[in-house]
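Trainee: All chains should be modelled from the sequences, with the hints used to inform the complete structure.
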Amino acid sequence: MSTISEERLDSGHGGAPSGFKLGMLLNDTRYRSYTFQFIALVLLILSISYLVSNLIANLEEAGLNISWAFLAEPAGYDINQRPIEYDSQSTHARASIVGAINTLIVAFLACVTATILGVVAGVLRLSNNWIVARLMSVYVEAFRNVPVLIWILIIFLAMSNAFPQPRAFRGEAPDAEMWLGLFAFTNRGVYAPSFINGAGSTIFWIVCVLSIVGVFAYRRYAKKLLYDTGRLLPMGWPSLAILIVPPVLAFFLLGSPVSLETPELRGFNFQGGVHLRLSLIALWFALAIYTGAFIAENVRAGIMAISKGQTEAAGALGLRPGRIMNLVILPQALRVIIPPLISQYLNITKNSSLAIAVGYMDITGTLGGITLNQTGRAIEAILLLMLFYLLVSLAISAIMNVYNNSVKLKER
Amino acid sequence: MKKSVILGALTVAGMAAGAASAATLDDVQARGTLNCGVTTGVPGFAEPDADGVWQGFDVAVCRAVAAAVLGDPTAVEFVPTTGKTRFTALASGEIDMLARNTTWTFSRDVDLKFEFTGVNYYDGQGFMVPADLGVTSAADLDGATVCIQTGTTTELNLADFFRSNNISYEPVPIETGSEAVQLFLAGSCDVYTTDRSALAAQRANFPTPSDYIVLPEVVSKEPLGPLVRHGDNDWGDIVRWTLNALITAEELGVTSENIEELAAGTDNPEVNRLLGSEGTLGEMLGLDGQWAMRAIMAEGNYGEIFDNNIGEATNIGLARGLNAQWTDGGLLYSPPFR
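Chains G and B are the protein sequences, given in the same order.
In my numbering, each residue's number is its place in the first sequence (first place is 1) plus 195.
In my numbering, each residue's number is its place in the second sequence (first place is 1) plus 436.
Be careful, since some hints might not be right.
Chain G stretches covered by chain B per the calculated footprint, using a threshold of three residues with CB under 8 angstroms from any CB of chain B [to be verified]:
#1 246-260
#2 267-279
#3 353-365
#4 462-468
#5 552-560
Here are a few chain G residues that sit away from chain B, every Cβ distance over 12 angstroms (derived from the structure) [claimed, not checked]:
#6 292
#7 307
#8 328
#9 373
#10 376
#11 393
#12 401
#13 407
#14 437
#15 442
#16 447
#17 503
#18 504
#19 513
For the record, the hints were derived by calculation from the structure and aren't laboratory data.
Even for Gly, the Cβ is constructed at its ideal location relative to N, Cα and C.
Mentor: As structure tokens, this is what we get:
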């Protein structure tokens, strides 16, 4: 009796490869999950191939086909915001690229602004000041719980009705005046001065870039000195000096190579300078404020994940609250904040496709809007759109994950 | 995982159902309603009234077809479409026909595989500006900001017009007409451009229409008409000849008032053929003999529909112009009913 049972035990324990039976695919927990996943995969492939073959059959029946030739044909329509050379005789492909760049522009602006807003609001929501903390709660709750499309439209309509028309700036006693004589806030957007580069301007811009690099180098050096020797160099005024003094010197030494072109009212609109269109501003602000509220919650969660003992310990060492936040709490909180922050950046990029609501010509407006409509190539255009958003999302995700790896908890 | 399999199966079933829609007439009769694509709202052409009932010049075409096919002018499911969604809605079978001031162009007819069944309004693109802007001609619009509905032929005409006149402009693309009008009224754009009929229609709804003028230039030909999918010629014939019946009825003096009297039989053989008291035209379409009579009774003949919805007596106030009968110097010319 005993020998038989021992044999059984043996074969049940160690002899998995030799004693494999087909039934174990269902009965054995080691294989069951693989079995089901495999079945699901096969079903998925079958249904997708059915859908695709159905699509092809339907297209054929309707006499349509899949063709990418439309991309090389003239687009025929104009786009107002053109980061690269484009006119109505350019191809649909070029129009798509203009749209893609416009998408990236608004996504980048919104990501930066949302991060700043989110970190500030997240930190302030934990402030000991009752009013500040409550105000931030109101901001976060109000913006998180109203759809972003509504915010885009609210900002767009509010601005188009609140700001004066360009012609209000006309005449002897105009109804509206330019701010500082430089900026014109109109219901078509903001007209700002732009730089005119004269002789020697390249050197001036190089000096500007170098001084920004210099600020970072100085702060890095100061930090290293602090960690190595414990000596704390002043941060504020030297940074400011490095940032401002060399460009100012260069500016006068080179004989004012760069001048400002202020927008001027000519004809129907302001001419000259930079034109930030209302649609861009509305989309940018709405995305930034909306996503900023989500980031604020991520930041708050990150900070709250750090034990209160850390604050108290830092306080016991005599650090001031601002420094505790910057040197002790935020660096540790980053590893909680970054992963959800990546999804927020992805959300901003994807939500920028709501641009059509305010007529901002992003890639959904050009390739997925006008091009699709004029050529009728819906399937091709949508496939390209999917590919674009997929690539951008994966790229953002990859870059942010590299950063995440550099700040996450390192176990040695 | 289970969920997504179920969803997949549903999608498959949905697409299979969409595929089997060759005989639109059978589908419409089996369903009991006509799915008709219209605009999201252009006064006079297609707009729900205070009671939520769709009214207008394009809507009347839908009702006439429903009356001819189903015997009931109210058996119409109106599907509001934007400039962007209209063709997909038609191609996918979501709607049986589109009556939505859509311009008949070569590429839509040939490349998009649609079939235009005629023209119910001969239009042209125009420009509207505030009167106090001091502009009297479109050639003075250099540098202007122009509000425009995206995904329309007007967008292409606009680009061509400014390019050929060598002047610049700033396009403000807008998804729907009502939104564009709002921006135009707020002064976010100097000019609003679309078909002149729609300009007139929207201007009529402004608080003070006289503050705005429509510039004299007509920069394009915009023949607007109903369209159906390519490939179902029987259904195309029904929509085409329903529209022709409305036009012919005006030409022959058949109105919604005298139609019952005329249906009994007249000494004009074409009227008799149209109203079914002679010949078998209705049977040829796969309908009965009274199809055209019902279509005309729905909202009247072409002239009555025009006068009631967009004519000079309405606040839209469009003159017949090009849309008069050929006998009156216009372009309306229906092939004969024989």
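Trainee: Does each hint hold? Answer for all of them.
Mentor: Going down the list of hints, with the structure as the test:
1. Residues of the region 246-260 of chain G with a Cβ under 8 angstroms from some Cβ of chain B number 9, which satisfies the need for three, so the listed coverage holds.
2. Chain B is given as covering the region 267-279 of chain G, and this holds because 5 residues of the stretch bring a CB closer than 8 angstroms to a CB of that chain, at least three being needed.
3. Proximity of the region 353-365 of chain G to chain B, defined as three or more residues with a beta carbon under 8 angstroms from a beta carbon of that chain, is established by the 4 residues found.
4. Coverage of the region 462-468 of chain G by chain B holds [criterion: at least 3 residues with CB-CB distance below 8 angstroms; count 4].
5. As drawn, the region 552-560 of chain G meets chain B at 4 residues by the rule of a beta-carbon pair under 8 angstroms; at three or more, the given contact holds.
6. Every beta carbon of chain B lies more than 12 angstroms from that of residue 292 (chain G), the smallest distance being close to 17 angstroms; the non-interface claim holds.
7. Listed as outside the interface, residue 307 (chain G) is consistent with that label: its C-beta sits roughly 26 angstroms from the nearest C-beta of chain B, beyond the 12 angstroms cut-off.
8. Chain B leaves residue 328 (chain G) outside its interface by the beta-carbon criterion, the shortest separation being 38 angstroms against a cut-off of 12 angstroms.
9. Non-interface status of residue 373 (chain G) relative to chain B is upheld: no Cβ of that chain comes within 12 angstroms, the nearest being about 17 angstroms off.
10. Chain B leaves residue 376 (chain G) outside its interface by the beta-carbon criterion, the shortest separation being 22 angstroms against a cut-off of 12 angstroms.
11. No Cβ of chain B comes within 12 angstroms of the Cβ of residue 393 (chain G); the nearest lies about 26 angstroms off, and the non-interface call holds.
12. Every CB of chain B lies more than 12 angstroms from the CB of residue 401 (chain G), the least distance being 34 angstroms, so the non-interface label holds.
13. Against the 12 angstroms criterion, residue 407 (chain G) stays outside the reach of chain B, whose nearest CB is about 34 angstroms from its own CB.
14. A cut-off of 12 angstroms between C-beta atoms confirms that residue 437 (chain G) is not in contact with chain B; the least separation is 41 angstroms.
15. The Cβ of residue 442 (chain G) lies farther than 12 angstroms from every Cβ of chain B, with a closest approach of about 34 angstroms, so its non-interface assignment holds.
16. No Cβ of chain B comes within 12 angstroms of the Cβ of residue 447 (chain G); the nearest lies about 37 angstroms off, and the non-interface call holds.
17. Against chain B, the non-interface label of residue 503 (chain G) holds: every CB pair exceeds 12 angstroms, the least being about 42 angstroms.
18. Taking the minimum C-beta to C-beta distance to chain B, about 44 angstroms, the non-interface status of residue 504 (chain G) holds against the 12 angstroms cut.
19. With a least beta-carbon separation of about 57 angstroms from chain B, residue 513 (chain G) lies farther than 12 angstroms from that chain, consistent with its non-interface assignment.
The earlier numbered hints are all upheld by this structure, with none contradicted.
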